[in-house]
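> Use the sequences and the hints to build the structure in full.
Number 142 in UniProt numbering belongs to position 142 of the sequence shown; there are no gaps in the numbering.
To be clear, the hints were calculated from the coordinates, so they are not data collected in a lab.
As the structure is a prediction and not an experimental result, all values here were calculated from the model.
For glycine and all other residues, C-beta sits at the position ideal for the given N, C-alpha and C.
Among the clues, some could well be false.
[As the list claims (entries may be wrong)] Label pairs and their in silico Cβ distance ranges: (1) 25 <-> 110: 29 to 37 angstroms; (2) 21 <-> 43: 24 to 32 angstroms; (3) 123 <-> 98: 17 to 25 angstroms; (4) 100 <-> 126: 19 to 27 angstroms; (5) 118 <-> 138: 25 to 33 angstroms; (6) 101 <-> 131: 22 to 30 angstroms; (7) 31 <-> 78: 22 to 30 angstroms; (8) 47 <-> 124: 18 to 26 angstroms; (9) 28 <-> 147: 47 to 55 angstroms; (10) 28 <-> 71: 15 to 23 angstroms; (11) 147 <-> 99: 29 to 37 angstroms; (12) 53 <-> 99: 14 to 22 angstroms; (13) 45 <-> 9: 15 to 23 angstroms; (14) 146 <-> 110: 57 to 65 angstroms.
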Amino acid sequence: MRIDELCTREPVHIPLSCTLQEAAVQMRDQHVGSLIVTEATASGTRVAGVLTDRDIVLGSTAAGTDPCTNQVGDIMTRGLVTVGRHNGVADAMQLLLSHGVRRLGVLDGEALIGVISMDDIVGAMAAEWGMLSTIISNEQERERTGHTQSALHV
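This is the structure:
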């Protein structure tokens, strides 16, 4: 499986100057658990990092700070670990493991085209394992009932 077959396209993003409360509302409204954080530069907008719902809980709520005044840039994770769109799932899993993250940015050249999460990968792998299980069960049923595959006609 290639990453571009599994990733979420058009990642949801937010400027680093927004408040954590604005970020939480955007996560809720967009049904996502993370946001790509952007910042304006002289040459345009660039990716500054990533903010997760867990970051908000640990960095603001549990710390007792005000999410209405704290900014995304205060607690986000700087930088974004990325994987190429044509890479395979094994490449993505290795990056997740080696960097200790749950999400990767997906690149087409230098353009960020999506995000792939550990949950996306687990879901895809579960579907494939489910198909394999069905194949095995079907074969066992054919053997049990004495039905064999029909002859091939050319």
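> Hint by hint, note whether the structure agrees.
Cross-check of the supplied hints:
no. : hint                            : in the structure
1   : 25 <-> 110: 29 to 37 angstroms  : holds, 30 angstroms
2   : 21 <-> 43: 24 to 32 angstroms   : holds, 30 angstroms
3   : 123 <-> 98: 17 to 25 angstroms  : holds, 22 angstroms
4   : 100 <-> 126: 19 to 27 angstroms : holds, 23 angstroms
5   : 118 <-> 138: 25 to 33 angstroms : holds, 30 angstroms
6   : 101 <-> 131: 22 to 30 angstroms : holds, 28 angstroms
7   : 31 <-> 78: 22 to 30 angstroms   : holds, 25 angstroms
8   : 47 <-> 124: 18 to 26 angstroms  : holds, 25 angstroms
9   : 28 <-> 147: 47 to 55 angstroms  : holds, 52 angstroms
10  : 28 <-> 71: 15 to 23 angstroms   : holds, 18 angstroms
11  : 147 <-> 99: 29 to 37 angstroms  : violated, 50 angstroms
12  : 53 <-> 99: 14 to 22 angstroms   : holds, 19 angstroms
13  : 45 <-> 9: 15 to 23 angstroms    : holds, 18 angstroms
14  : 146 <-> 110: 57 to 65 angstroms : holds, 59 angstroms
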